[in-house]
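Listed below are the residues making up each chain.
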Amino acid sequence: MQNQSLPQLDDLYKEIILEHYRKPHGREPLEKIDYQAEGMNPLCGDEVKLCLQLQDEQIIKVHLEGHGCSISVASGSMLAQMLEGKTVTEAQEITKHLKDIMHDRTNGKVVDIGDLEALEGVKKFPVRIKCALLPWTTFEEALVGHNHVEVS
Amino acid sequence: MQNQSLPQLDDLYKEIILEHYRKPHGREPLEKIDYQAEGMNPLCGDEVKLCLQLQDEQIIKVHLEGHGCSISVASGSMLAQMLEGKTVTEAQEITKHLKDIMHDRTNGKVVDIGDLEALEGVKKFPVRIKCALLPWTTFEEALVGHNHVEVS
Amino acid sequence: MFDVNKIRKDFKILERKIWDNKPLVYLDNAATTQKPNVVINSLVSYYENYNANIHRGVHKLAEEATTLYEDVRQKIKDFIDANSTAEIIFTRNTTESINLLAYCLDDSIIKDGDEILLTEMEHHSNIVPWYLLRDRRNITIKFTPITDNHELDYNTLEKLITKKTKIVSITHKSNVLGTVNDIQRIAKITKANNSILIVDAAQSAPHMKISFQDLGCDFLAFSSHKMCGPTGVGILVGKKELLEKMPPFLGGGEMIRKVTFDGFTTNDLPWKYEAGTPNIADVIAFGTAIDYIEKIGLENIYQHELKLTEYAFKKLKQFDFLHIYGPKEITKRAGIITFSNPVVHPHDIATIIDQDGVAIRAGHHCAQPLMKKLSVSATARASFYFYNTPEEVDIFINALNKAFDYFAVGACKELKQGVKSKK
Amino acid sequence: MFDVNKIRKDFKILERKIWDNKPLVYLDNAATTQKPNVVINSLVSYYENYNANIHRGVHKLAEEATTLYEDVRQKIKDFIDANSTAEIIFTRNTTESINLLAYCLDDSIIKDGDEILLTEMEHHSNIVPWYLLRDRRNITIKFTPITDNHELDYNTLEKLITKKTKIVSITHKSNVLGTVNDIQRIAKITKANNSILIVDAAQSAPHMKISFQDLGCDFLAFSSHKMCGPTGVGILVGKKELLEKMPPFLGGGEMIRKVTFDGFTTNDLPWKYEAGTPNIADVIAFGTAIDYIEKIGLENIYQHELKLTEYAFKKLKQFDFLHIYGPKEITKRAGIITFSNPVVHPHDIATIIDQDGVAIRAGHHCAQPLMKKLSVSATARASFYFYNTPEEVDIFINALNKAFDYFAVGACKELKQGVKSKK
Ligand SMILES: Cc1ncc(COP(=O)(O)O)c(C=O)c1O
Ligand SMILES: Cc1ncc(COP(=O)(O)O)c(C=O)c1O
Chain U
1112 MQNQSLPQLD DLYKEIILEH YRKPHGREPL EKIDYQAEGM NPLCGDEVKL CLQLQDEQII
1172 KVHLEGHGCS ISVASGSMLA QMLEGKTVTE AQEITKHLKD IMHDRTNGKV VDIGDLEALE
1232 GVKKFPVRIK CALLPWTTFE EALVGHNHVE VS
Chain E
1112 MQNQSLPQLD DLYKEIILEH YRKPHGREPL EKIDYQAEGM NPLCGDEVKL CLQLQDEQII
1172 KVHLEGHGCS ISVASGSMLA QMLEGKTVTE AQEITKHLKD IMHDRTNGKV VDIGDLEALE
1232 GVKKFPVRIK CALLPWTTFE EALVGHNHVE VS
Chain X
495 MFDVNKIRKD FKILERKIWD NKPLVYLDNA ATTQKPNVVI NSLVSYYENY NANIHRGVHK
555 LAEEATTLYE DVRQKIKDFI DANSTAEIIF TRNTTESINL LAYCLDDSII KDGDEILLTE
615 MEHHSNIVPW YLLRDRRNIT IKFTPITDNH ELDYNTLEKL ITKKTKIVSI THKSNVLGTV
675 NDIQRIAKIT KANNSILIVD AAQSAPHMKI SFQDLGCDFL AFSSHKMCGP TGVGILVGKK
735 ELLEKMPPFL GGGEMIRKVT FDGFTTNDLP WKYEAGTPNI ADVIAFGTAI DYIEKIGLEN
795 IYQHELKLTE YAFKKLKQFD FLHIYGPKEI TKRAGIITFS NPVVHPHDIA TIIDQDGVAI
855 RAGHHCAQPL MKKLSVSATA RASFYFYNTP EEVDIFINAL NKAFDYFAVG ACKELKQGVK
915 SKK
Chain W
495 MFDVNKIRKD FKILERKIWD NKPLVYLDNA ATTQKPNVVI NSLVSYYENY NANIHRGVHK
555 LAEEATTLYE DVRQKIKDFI DANSTAEIIF TRNTTESINL LAYCLDDSII KDGDEILLTE
615 MEHHSNIVPW YLLRDRRNIT IKFTPITDNH ELDYNTLEKL ITKKTKIVSI THKSNVLGTV
675 NDIQRIAKIT KANNSILIVD AAQSAPHMKI SFQDLGCDFL AFSSHKMCGP TGVGILVGKK
735 ELLEKMPPFL GGGEMIRKVT FDGFTTNDLP WKYEAGTPNI ADVIAFGTAI DYIEKIGLEN
795 IYQHELKLTE YAFKKLKQFD FLHIYGPKEI TKRAGIITFS NPVVHPHDIA TIIDQDGVAI
855 RAGHHCAQPL MKKLSVSATA RASFYFYNTP EEVDIFINAL NKAFDYFAVG ACKELKQGVK
915 SKK
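Chains as they are written, first to last, in our numbering: chain U, 1112 to 1263; chain E, 1112 to 1263; chain X, 495 to 917; chain W, 495 to 917.
Worth flagging that the hints you see were computed from the coordinates, not collected in a lab. Hints may be right or wrong, so weigh each one.
With a Cα cut of at most 27 Å, we get these calculated DSS-like pairs of lysine-lysine [to be verified]:
1) W/K653 / E/K1235
2) E/K1210 / W/K516
3) W/K571 / E/K1210
4) W/K571 / E/K1207
5) E/K1234 / X/K571
6) X/K516 / U/K1207
Predicted model only: the values in this text are computed from it and were never measured.
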């Protein structure tokens, strides 16, 4: 277990992640909230509240609030950016694929996830995977109507 | 701590102890019970009930019942034999001296304790000291009016 | 291949000499077992390389320690065949596992007027927690009797279960009689009656293959220290639905999701039931113990103990004044031999054979009610584990012989004869 | 003579390299400390030579193990200056010690309508047990506020204590602020008011000399793993009269005097509160840890940590955008430095400096209410122990510098400037 080689910080903190962190998307309030959930990482205190506005099966707008580290904030920002305009099914597929990437079980499947690719570097920092997935798990729970969620 | 020299069984099971064990004193019921207490060793289940009949300050008769190993039974038998006829103060002194012997704190003081000397060998078997003292602690507690006692 | 002499080399303590160079003959395995070198090394390796508080740290050590700790949960889930790691809770020992249930089932399950059914062969750890619960709630506690062959009386058990019986808590294997109870049979009854079935597996988990799912009980408890693991770790396996429904037990770090000045919410299972810094090192070393036991093989363990018990029984026949407890059939009670006789008190036996390096237990074995039922105040018990040998049984028997001789010939000949003639 | 370089040789883990050969700089001591070799050896020696279940056996191993175990009680009684060994109870950790009280004081002390007084700087382990008690009893829980200098507001505390205040439970030293509270001062108030005073000494016992008798509190709790001892051992020190009056906590072996089919009676103190097989090996190794700490000397430990804290503070001044929590005066908060800043999140700091082998904690430190009070969701914390060095502080500061540079220069320059100009 000892002395794996040093993962590079630049893998974790890709420029694009830092940009999302500095200017996160999805901070404007919604006109109408169809689904919402609060997520938290009970071991560090990171919290996110995620609200969705839908039209039929399409996600119109995503709103996020809360506080967290650069990874969870950037991941939430990417979520807002990516999922707006997608159908619920498409959004769920993206979520699943991101989780598969994080847990090394894509089995070679390739899905276009845009900016999200930048999160792949988080894998080399296992304790931070929770941070990256927090907004996504919260998104899933919002859809099934669970109001609270946590990642572990 | 390891490998102290082997204590000799004959130190523990002196002939006189085995005799007391085989034919314990103090088993006849009393006419009148002035003090009594029950004692037990919670870790092995040995139990003794001790009753005293007094006249003024003198112990007239001791009654014991219960079950226990050879050491506790013999010690109880010796107690009955020794204390009958003694004043309470004398009996307490003997008790104290026996405890001092067991815990190696006589500071050279010598008291005539008759058969009880045979119990000195128990000292070499520290876990059995509780057995030897059980009737005596129960005796002390009977005098102060505690109905239950245990040795530890 | 099961080779006891090779196995013994895994245990440093088995080289120990007692007194003036007597080899240790450790036959007190039902109280606690010895630990193989790999388990001890696991502790050393943890403290020398990874020690950190878990779950809460971002740094390397904390990450490693957390992984090592949570991996053990997975191992135990597999070992005991539970549904998921959410069902595996780390406690201090079997006793704490059962107490946790007595506190937490209280609020969610037990109402005044309800009944709890135990058996006459329970260890204090599966009696006193329920007495404590009775001090808080107005409930009745009943004891399923044992038969003359020292087995559970299943017919009476069936009659004792009523609509009021909310909890049935029962040992899988008696630490005195060795009797193994038929949990599946009881589970059918409790399921039909909607009672919760708790199994005390402290004496079974170390010695036989157990599947939580196959047994069909709701909760199962056992202790690391009785199965080659360190002291300070117990396991509670529980059905997820029940663990979710029950309130938390201890409050503090780890078990919370969120705490405010007004209240708190609980963490997910299984952490909901683990408050404060866990016994990290010992849990990790217990994982090593599980690996070790699985390498030896539970079927091998069971068979070896059965052979030892048979051999010891045959040898014990020479002491015809001995009273041996437990079912007549050896297959029903492998690994444990409890006995007494009216001449030499168990304490005296234990002291005398200790002189030959033989470690057995004498006393009530934390089962005073059972002692009462057996009309005896104390008994002697030899209990085996897979590292014991027939040669050790011989030493034990010889030492016993000396003990009986010492008392009988030295002083109590007539008493011994008395016993014999009374038979 | 206190020689930190000599002392470091006592800890094998301090030779460990992180990643590609970075020396471990362990500054997470408030979470758990490292263990000296003597403590690890103590575990090995126990398991290789004496391992047996205690209190109940007549044989040699059981006798030796019992003596080793009970000797530690005496050691702790002396270490913490309690009245007698009857007042020393072994638990799993500080958390369990406090929960024991919340369960047992419930029945004997707390009535509906009563109040419990805590403080805003408590660890979850001294909050949630009382919330759980509130779920059983209709009681009110109040929090003594902290001042702007992050000390306890004693004046308000005095006002918050009323006739209804049955329990005051308070940390001796905050694990976030480092603040050391004046227990003697509070004890005078609680004594006059007949309230029970509980002290959470998890963070103080490892770092300063404490006398239970001098403090004047009724109960005191701390953890082995935070003071060079193994995980899995906590201590509860309690006044004998109260421990006698309180009902038992967990039921089972060891804690009983007599069990029948009808009921039970409890064992003497302290065993009344120790149910089931204790964490024997770790208790014995904790005894070795106490010896080790006393050899180093608590005054030396305190002074060394004070010096390190002073040094680190001076160095931290260069980061003028940092917010540092706790009293301004370093003597009031030795050993712990908690900080945050609005640019780089504590998690990111911890990840970045971990690359240089520096282990600190980031998060809420199990003190979410306090975080709320401080208006921050997470903070970073460096905490020292006697084996840390000024050179390690340098590595820490350099690593921090990198972290701030990484974020500020690499990406958030304007944010950092924003912070600076806002000041
Ligand atoms: C002030 C304080 N109290 C209580 C605790 C809980 O200690 P443990 O996790 O050992 O129960 C801690 C440690 O995290 C602490 O710092
Ligand atoms: C049947 C049974 N149940 C429970 C226990 C209690 O185990 P522990 O002391 O590890 O809590 C024991 C062990 O003594 C036992 O034999």
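For the pair we were handed, X/K516 and U/K1207, check the Cα-Cα distance against 27 Å. Roughly 65 Å separates the two Cα atoms, so the pair is violated.
Quickly compare the C-alpha distance for E/K1210 and W/K516 to 27 Å and report which way the hint goes. With Cα atoms ~61 Å apart, E/K1210 and W/K516 exceed 27 Å; violated.
Within a Cα-Cα threshold of 27 Å, do W/K571 and E/K1207 meet the stated pairing? holds (26 Å)
Straight-line alpha-carbon gap W/K653 to E/K1235, limit 27 Å: With a Cα-Cα distance of about 60 Å, the restraint between W/K653 and E/K1235 is violated, given a limit of 27 Å.
So if I understand the rule, the pair passes when the alpha-carbon distance is 27 Å or less; does E/K1234 with X/K571 pass? Violated - the C-alpha atoms of X/K571 and E/K1234 are around 49 Å apart, more than 27 Å.
Decide if the proposed pair is consistent with the structure: W/K571 and E/K1210, CA atoms, cutoff 27 Å inclusive. Distance of about 24 Å is within 27 Å: holds.
In terms of the numbered hints stated before, the structure departs from hints 1, 2, 5, 6, listed from lowest to highest.
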